[in-house]
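Peer 1: Top to bottom, those sequences are chains L and E.
With the working numbering as the guide, the letters of the first sequence map in order to residues 1 to 168.
With the working numbering as the guide, the letters of the second sequence map in order to residues 1001 to 1414.
Hints are not guaranteed to be accurate.
Example chain L residues on the side facing chain E (calculated, C-beta under 7 Å, incomplete) [what the hints assert, rightly or not]:
| no. | residue |
| --- | --- |
| 1 | Ala-18 |
| 2 | Arg-19 |
| 3 | Pro-21 |
| 4 | Asp-24 |
| 5 | Thr-68 |
The calculated DSS-like cross-link candidates involving lysine-lysine, where the alpha carbons are at most 25 Å apart (straight line), are [as the list claims (entries may be wrong)]:
| no. | chain 1 | residue 1 | chain 2 | residue 2 |
| --- | --- | --- | --- | --- |
| 6 | E | Lys-1398 | E | Lys-1351 |
| 7 | E | Lys-1040 | L | Lys-148 |
| 8 | E | Lys-1269 | L | Lys-148 |
| 9 | E | Lys-1022 | E | Lys-1091 |
| 10 | E | Lys-1022 | E | Lys-1178 |
| 11 | E | Lys-1091 | E | Lys-1031 |
| 12 | L | Lys-51 | E | Lys-1178 |
| 13 | E | Lys-1137 | E | Lys-1025 |
| 14 | L | Lys-103 | L | Lys-51 |
| 15 | L | Lys-61 | E | Lys-1091 |
| 16 | E | Lys-1025 | E | Lys-1040 |
| 17 | E | Lys-1026 | E | Lys-1040 |
| 18 | L | Lys-38 | E | Lys-1178 |
| 19 | E | Lys-1270 | E | Lys-1398 |
| 20 | E | Lys-1022 | E | Lys-1041 |
Distance windows between CB atoms, simulated [unchecked claim]:
| no. | chain 1 | residue 1 | chain 2 | residue 2 | range |
| --- | --- | --- | --- | --- | --- |
| 21 | L | Glu-8 | E | Thr-1340 | 39 to 49 Å |
| 22 | E | Ser-1362 | L | Asp-150 | 33 to 43 Å |
| 23 | L | Arg-160 | E | Gly-1141 | 39 to 49 Å |
| 24 | L | Thr-139 | E | Ala-1017 | 24 to 34 Å |
| 25 | L | Glu-108 | E | Gly-1409 | 22 to 32 Å |
| 26 | E | Thr-1003 | L | Ala-113 | 48 to 58 Å |
| 27 | L | Ser-58 | E | Thr-1340 | 15 to 25 Å |
| 28 | L | Ala-113 | E | Lys-1191 | 48 to 58 Å |
| 29 | E | Thr-1340 | L | Pro-21 | 27 to 37 Å |
| 30 | E | Gly-1146 | L | Pro-21 | 20 to 30 Å |
| 31 | L | Thr-112 | E | Ser-1371 | 42 to 52 Å |
Since the hints were made in silico from the structure, they are not lab data.
Cβ coordinates follow ideal geometry from the N, Cα and C atoms, glycine included.
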Amino acid sequence: MPFKLTEEFRETAARIRARYPRADAALIPLLHEVQREKGYVAEEAMDELAKFLELPYSRVKAVVTFYTMFNRAPAGKYHLQVCRNISCHMAGAPGLLARLREKLAIGEGETTADGLFTLSSVECLGACGAAPVMQVNETYFENLTLEKLDALLEDMRHGRLLTGAKEK
Amino acid sequence: METILLKNLPDIEAYFACGGYKALKKALGLKPAEIIEELKKSNLRGRGGAGFPAGLKWSFIPPGGQGQKYLVCNADEGEPGTFKDRELMLKNPHALIEGMAIAAYAIGAAHGYIYIRGEFAAETALMNKAIADARAKGFIGRNVLGSGFDFELFTHRGAGAYICGEETALLESLEGFKGQPRLKPPFPALKGLFGSPTVINNVETLAAVPSIIENGGAWYAALGTGKSGGTKLFCVSGPVNRPGVYELPLGTPLRELLEVHCGGMKDGKKLKAVIPGGSSVPVLTAEEALAVNLDYEALAAAGSMLGSGGVIVIDDGQCMVKLLQVLARFYHHESCGQCTPCREGCGWLEKVLDRLEAGGGSAGDIDLLYSVAEGMTGRTICALADAMAMPAMSFIKKFRGEFEAHAAGKVCGN
């Protein structure tokens, strides 16, 4: 798929660029912008961004693949990210993950055929006092139980849940 | 006790009503050296985990007006068990902004960045609004309050990498690179962000600065104990009745935190162990935990660390082999891959723990785990390898029986 940086993107980029003494410091914020717009960072987007910032493609790719938040393939409408670290583990995260695998019939890193859900387990989300925690797109859902999880899934299936960037 | 940091003042008008930004006005009437002196007197130590004296850190910045200098706030909160900086940014964002303006004036920095972990989208939006409000009132921007001091402040979102909480990895990330820690020296105070002198402080450290300037370093020091000045935010997670963030004077008994503030163990569970300072510090048995005070010196004497103040409570229904496996998977996932002992060591520990957990281990695996962990310590650019090795060695030393049961074929299946 051809990828073109829009005029709007270039304006945003100029505003972000002005915060730093060097253009390449804007790389990660601009990758966030690409992902906000497209839902993921495609190879073509990396290429365009590299040209735009006058950086080698390898630098952009190295950064994209180092950080876990950048998706390199389209994710589902709802990206379910269950924390698997120690406090969430003790509070029942393995049960949440098992329930999601069963109900969605996908494994971690996979997307449902209808494109609605992508399932991931992630490391500490920094909300351990409210464990177990799941992040859906940009929103945290805390103190989860299997019942609450089931209700959330129903809300998502019926498009009743607002979770940040994608629905805007 | 009246709290200093944990106040519910999310907007600037509420912050004003509680005397907000008075400390900045006062600071701008002082000489930078006087502010640094006050910080030293306060015994404020870095709240991100390392506990380095904040005043001393600021004093390493070469004084004088030449050249660019930077102030960076580390809000890349990712240490498992730690969730205080998030709470501070949501509830008291202007304490952080005011603290940063004072710190920037003291070290002569005209630019500041708040590096916020990428997952904290709501927190970033709130900080952006708070900065805009502070700018509209003249606390941020050109000629702050007519003093002639310029200070620009921006947020910068990370993108999911625990290692970026390490200060030089954070600088690499802020410059648009992979977050791989730098060799030191040179230290950031001389060659930091974009090659310029830089101070990097944790959110909680900077948020404490206004109260120190307003009330004096001696006042702050007296709130704590010995060389641990002031109050500290403790984040309690695990099976207690009231998990959450508590602000308490340094030196408070851990028993008081758990039994009084957190309301004791949940559902009659029995305390087995406590990791007192985020997942990277050595574990304490229940007996050790209930006898220790929460300050830098007391926890060091007990063989652990205050760290970030992330108090992880573990009950006797938990399997220590499984929990160490959870941690090993985490450190292996987050190792940046630069140093062999860390990149390989974390992976080996995870692999051996996987087979112990699955019942396919052998008696020799326990000593193997310990020796791999030992071989990882003190041999890498940053502290991530040690952050894996310390819990590993302490889990094995203090709960060896559970590892032996697994080596003999026990499978918990949780």
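Peer 1: Decide, hint by hint, whether the structure agrees.
Peer 2: Against the structure, the hints:
no.: 1; hint: Ala-18; verdict: 10 Å, violated
no.: 2; hint: Arg-19; verdict: 5 Å, holds
no.: 3; hint: Pro-21; verdict: 6 Å, holds
no.: 4; hint: Asp-24; verdict: 4 Å, holds
no.: 5; hint: Thr-68; verdict: 4 Å, holds
no.: 6; hint: E:Lys-1398 to E:Lys-1351; verdict: 21 Å, holds
no.: 7; hint: E:Lys-1040 to L:Lys-148; verdict: 49 Å, violated
no.: 8; hint: E:Lys-1269 to L:Lys-148; verdict: 24 Å, holds
no.: 9; hint: E:Lys-1022 to E:Lys-1091; verdict: 19 Å, holds
no.: 10; hint: E:Lys-1022 to E:Lys-1178; verdict: 40 Å, violated
no.: 11; hint: E:Lys-1091 to E:Lys-1031; verdict: 30 Å, violated
no.: 12; hint: L:Lys-51 to E:Lys-1178; verdict: 19 Å, holds
no.: 13; hint: E:Lys-1137 to E:Lys-1025; verdict: 13 Å, holds
no.: 14; hint: L:Lys-103 to L:Lys-51; verdict: 43 Å, violated
no.: 15; hint: L:Lys-61 to E:Lys-1091; verdict: 37 Å, violated
no.: 16; hint: E:Lys-1025 to E:Lys-1040; verdict: 20 Å, holds
no.: 17; hint: E:Lys-1026 to E:Lys-1040; verdict: 18 Å, holds
no.: 18; hint: L:Lys-38 to E:Lys-1178; verdict: 22 Å, holds
no.: 19; hint: E:Lys-1270 to E:Lys-1398; verdict: 17 Å, holds
no.: 20; hint: E:Lys-1022 to E:Lys-1041; verdict: 20 Å, holds
no.: 21; hint: L:Glu-8 to E:Thr-1340: 39 to 49 Å; verdict: 45 Å, holds
no.: 22; hint: E:Ser-1362 to L:Asp-150: 33 to 43 Å; verdict: 42 Å, holds
no.: 23; hint: L:Arg-160 to E:Gly-1141: 39 to 49 Å; verdict: 42 Å, holds
no.: 24; hint: L:Thr-139 to E:Ala-1017: 24 to 34 Å; verdict: 30 Å, holds
no.: 25; hint: L:Glu-108 to E:Gly-1409: 22 to 32 Å; verdict: 28 Å, holds
no.: 26; hint: E:Thr-1003 to L:Ala-113: 48 to 58 Å; verdict: 51 Å, holds
no.: 27; hint: L:Ser-58 to E:Thr-1340: 15 to 25 Å; verdict: 23 Å, holds
no.: 28; hint: L:Ala-113 to E:Lys-1191: 48 to 58 Å; verdict: 52 Å, holds
no.: 29; hint: E:Thr-1340 to L:Pro-21: 27 to 37 Å; verdict: 34 Å, holds
no.: 30; hint: E:Gly-1146 to L:Pro-21: 20 to 30 Å; verdict: 26 Å, holds
no.: 31; hint: L:Thr-112 to E:Ser-1371: 42 to 52 Å; verdict: 45 Å, holds
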